[in-house]
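J.: Below, each chain spelled out in residue letters.
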Amino acid sequence: MILVAAVITAAWWFLPPEPDPPEEKPLPREEVALYFLDVEEYQLTRISRDVPEADDSTERIFQIIDHLKQPPEAENIEILLPGDLELIAAYTEGDIVYVDFNEAFIGAAEGSTGEMLFLYSIVNSLLANLDEKYRLVQFTVEGEQRSTMGPYGENSGHIGIKYPLGPRWIQDEDSS
Amino acid sequence: MKKYCLPFLIGMVLILAFMPRSARAQQVNIVDAGGDLLRRVNALEFDNKYFFDLYDFFKAIDFDVNWNETTRRLTVSGADEKFRFSPGAGRVMVADDGLYPAENLRQENGRLYLDAEQTAGLLKTHTEKEYIWNPSREQMQVARAEDFQAEIDPAADDEDPIARFLEEIPETGEEEILVVIDPGHGGRDPGAIGANGLHEKEVVLQISLALRDYIEENYPRIKPVLTRDDDRFIPLQDRTRMANEQQADLFVSIHANSGRAGASGFEVFTLSSEADDEEAQELAEIENSALRYEGVDGEELKDIQWILQQLQGTVHTRESREFARIIDDELDGDLSLPSRGVKQAPFFVLKDARMPAVLVETGFLSNPREAEKLGTRKFQQEIAAGLAGALENYRQNRY
Numbered sequence: 001m002i003l004v005a006a007v008i009t010a011a012w013w014f015l016p017p018e019p020d021p022p023e024e025k026p027l028p029r030e031e032v033a034l035y036f037l038d039v040e041e042y043q044l045t046r047i048s049r050d051v052p053e054a055d056d057s058t059e060r061i062f063q064i065i066d067h068l069k070q071p072p073e074a075e076n077i078e079i080l081l082p083g084d085l086e087l088i089a090a091y092t093e094g095d096i097v098y099v100d101f102n103e104a105f106i107g108a109a110e111g112s113t114g115e116m117l118f119l120y121s122i123v124n125s126l127l128a129n130l131d132e133k134y135r136l137v138q139f140t141v142e143g144e145q146r147s148t149m150g151p152y153g154e155n156s157g158h159i160g161i162k163y164p165l166g167p168r169w170i171q172d173e174d175s176s
Numbered sequence: 001m002k003k004y005c006l007p008f009l010i011g012m013v014l015i016l017a018f019m020p021r022s023a024r025a026q027q028v029n030i031v032d033a034g035g036d037l038l039r040r041v042n043a044l045e046f047d048n049k050y051f052f053d054l055y056d057f058f059k060a061i062d063f064d065v066n067w068n069e070t071t072r073r074l075t076v077s078g079a080d081e082k083f084r085f086s087p088g089a090g091r092v093m094v095a096d097d098g099l100y101p102a103e104n105l106r107q108e109n110g111r112l113y114l115d116a117e118q119t120a121g122l123l124k125t126h127t128e129k130e131y132i133w134n135p136s137r138e139q140m141q142v143a144r145a146e147d148f149q150a151e152i153d154p155a156a157d158d159e160d161p162i163a164r165f166l167e168e169i170p171e172t173g174e175e176e177i178l179v180v181i182d183p184g185h186g187g188r189d190p191g192a193i194g195a196n197g198l199h200e201k202e203v204v205l206q207i208s209l210a211l212r213d214y215i216e217e218n219y220p221r222i223k224p225v226l227t228r229d230d231d232r233f234i235p236l237q238d239r240t241r242m243a244n245e246q247q248a249d250l251f252v253s254i255h256a257n258s259g260r261a262g263a264s265g266f267e268v269f270t271l272s273s274e275a276d277d278e279e280a281q282e283l284a285e286i287e288n289s290a291l292r293y294e295g296v297d298g299e300e301l302k303d304i305q306w307i308l309q310q311l312q313g314t315v316h317t318r319e320s321r322e323f324a325r326i327i328d329d330e331l332d333g334d335l336s337l338p339s340r341g342v343k344q345a346p347f348f349v350l351k352d353a354r355m356p357a358v359l360v361e362t363g364f365l366s367n368p369r370e371a372e373k374l375g376t377r378k379f380q381q382e383i384a385a386g387l388a389g390a391l392e393n394y395r396q397n398r399y
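Sequence order for the protein chains is H and C. Here my numbering is used: position 41 in the first sequence is 41, and no number is missing along the way. Here my numbering is used: position 296 in the second sequence is 296, and no number is missing along the way.
Please note that a few of the clues may not be correct.
Derived coverage of chain C by chain H (criterion: at least 3 residues anywhere in the stretch with Cβ under 8 Å from a Cβ of chain H; other residues may be distant) [claimed, not checked]:
| id | region |
| --- | --- |
| 1 | 123–129 |
| 2 | 185–191 |
| 3 | 235–241 |
| 4 | 355–365 |
Calculated from the structure, these hints are not laboratory results. Yeah, the Cβ is synthetic: ideal placement off N, Cα and C, and Gly gets one too.
Using the sequences and the hints given, assemble the complete structure.
T.: Structure (C-alpha cells):
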C-alpha cells in the first residue's frame with residue numbers, strides 16, 4: 001500500500017507541469033475622430049475615441065457609424081444619430097464612400113441646421129478616419145438615391161443629398 | 001478805375017453765390033407748449049435748414065442715448081419708444097414699426113445730425129407727445145398732445161410729416177428689381193413643428209406676406225413676387241424655376257429652424273458646391289484653351305457657353321454671399337435674436353437659381369421662447385422690416 005502511494009506521489013512529482021493557458025494578446029487599437037453635437041455651441045465638435053483596428057475600409061465605416069450612436073462621456077456633447085438608424089451596406093469606389101441606410105434615415109433630423117449637423121457628423125467622421133483619397137460621401141436609403149432627407153417626400157427637406165457631400169465643419173465662414 | 005469796379009463786384013457775387021456752403025454751428029431752443037424754454041441743444045445750419053445733433057437732442061428730451069462705435073449705430077430709447085439710426089445704411093429703425101429711409105442723416109465731425117423737421121415728424125408719429133418745429137423762431141416746441149389742441153392748424157394736421165419725408169427722399173439707385181420671396185414648405189409638408197405646436201409653413205408664410213406688404217409700402221423700386229401666398233405644396237425645384245422664368249434679380253427662401261430646445265438664433269445660408277476646387281480647375285483649363293481659339297465652331301461655342309454659365313454661377317455665388325452678409329447685418333441689429341452667422345451648404349432649393357439666392361432661417365421653432373416669438377405678428381413684422389431693409393440696401397448698392 002505504501003509502495004502504491006509512493007509511486008503515485010513520484011509520478012505526480014515528475015509529471016511535466018500543465019502548460020499555462022495561452023496569454024491573451026490585446027487586439028491592436030487605434031484612435032478615431034468622431035463628430036458629435038456640442039449642445040452649448042450648437043455645432044459639431046470632434047471627440048477622439050479608442051477603437052479596435054479595422055481590417056478594411058468597409059469594416060471601418062460600420063465601426064464609425066456604430067460609434068456615432070454611442071454617447072460620449074463628455075458633458076454637453078450629444079449624439080446626432082437616432083437609435084433605430086441602421087447602416088445596411090457600405091463600399092468605396094474611386095474617391096467616394098457609399099453608405100446605404102434604412103428608412104430611419106428619412107426625417108432623422110429636421111430644419112436646415114438639424115439636417116446639416118446630422119449629415120456632416122456622418123460625412124466628417126467617415127472621411128476623417130478613412131484613407132485621404134476618399135473625398136466625398138454618397139447617401140442612399142434602402143438602395144435608392146433621394147433629393148433630400150425630408151419626411152414629407154424627397155422634395156421636402158433642405159440639404160441636397162442626391163450628389164455626394166464633402167466634409168464641412170459648420171462654422172461661421174466669417175470667423176473661420 | 002471805376003470801369004473795373006462793376007465787373008469786380010459781379011465776379012465777387014458770383015464767387016460767393018457758387019462757393020461751397022459750409023455748415024454753421026448753432027444752438028436751438030426746446031420750449032414747452034407755453035413757449036417757456038426747456039433746454040438749448042446743439043444744431044447745425046446748412047443750406048437754410050437746421051439739423052439736430054441727435055446725441056444732444058435726445059439727451060435733452062430725456063431719452064437714453066447709446067452710440068455703438070463698432071456697429072456705428074445710435075440707439076435712443078424713451079419710455080415706450082426706441083429708434084436706431086444707422087448713418088451708413090441711411091435709415092432709422094423704429095421699434096415695433098419698422099424701418100424708414102433717412103438719407104438726410106448727416107455725419108459732421110464725428111457727430112450725427114438729422115434735419116429738424118424730419119426729427120419732429122419722426123417723434124410726432126411714433127411718440128405720445130407733440131413735437132412742432134418752428135424754423136422762423138429756430139425752436140422745437142414739445143408738449144403732450146392735448147396741450148397743443150388749441151394751437152394745431154387743422155389743415156396742417158392732415159399732412160403726415162413721415163409721408164412727406166419719404167416723398168422728399170431722392171433715390172440713389174434708379175433700377176427696379178424683382179425679388180422672388182419663397183415661403184418654405186406648405187401643404188402636406190408642415191416643415192418643423194414648434195414647441196408650441198406652431199407649423200413652420202404657417203410662420204414663414206406670415207413672414208413672407210408681411211415682407212411683401214412692407215416692400216410694397218416702403219420700397220417702390222422693389223417688386224416682390226411670392227412662390228406661394230397660401231397653404232400649398234410646391235416641389236423644391238419648381239420654386240427656383242418660377243424665379244428663373246420671371247428673370248428675378250434675387251431669390252429669398254424663408255424658413256424657421258429646428259433642433260434641440262436650447263438652440264437659438266437666426267442664420268443665413270448660401271449655396272455651396274461640394275466640388276468647388278475641381279470645378280474651378282476644370283473651368284480654368286477650358287478657359288485657357290478657349291483663349292487660344294482663333295475661330296469659333298459648334299463645339300467651341302458649346303465650351304464658351306459652358307464657361308459663361310460657370311462664370312455666371314461664380315458671380316452669383318459671390319453676390320449671394322454679399323447679400324447674405326447684408327441680411328445678417330440688418331437682422332443682427334434689428335432682431336432680439338442672436339446671429340448664428342452666414343454659412344454655406346448644398347441646399348436643394350437653391351441649386352438651380354440663376355440669380356443671387358439665399359435661405360434665411362429666422363429662428364428655432366424647437367426653442368419654446370423663440371417659437372412663441374415667431375408666432376407673434378410683432379416679431380414677424382420685425383423680421384420682414386429687416387429683410388426689406390436688406391433688399392433695399394442691396395438694390396441701392398448694386399443697381
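J.: Please count how many residues of the region 185–191 of chain C have a CB within 8 Å of a CB from chain H and say whether that reaches 3.
T.: Satisfied; 5 residues make the cut.
J.: Confirm or reject the coverage of the region 355–365 of chain C by chain H under the rule of 3 or more residues with a beta carbon closer than 8 Å to the chain's beta carbons.
T.: holds (count 4)
J.: Count the residues of the region 235–241 of chain C whose CB lies closer than 8 Å to any CB of chain H, then report whether that count reaches three.
T.: holds (count 3)
J.: With a Cβ-Cβ cutoff of 8 Å, does the region 123–129 of chain C contain at least three residues near chain H?
T.: Not satisfied, violated; 0 residues make the cut.
In summary, the structure is inconsistent with hint 1 from the numbered list given earlier, while agreeing with all the others.
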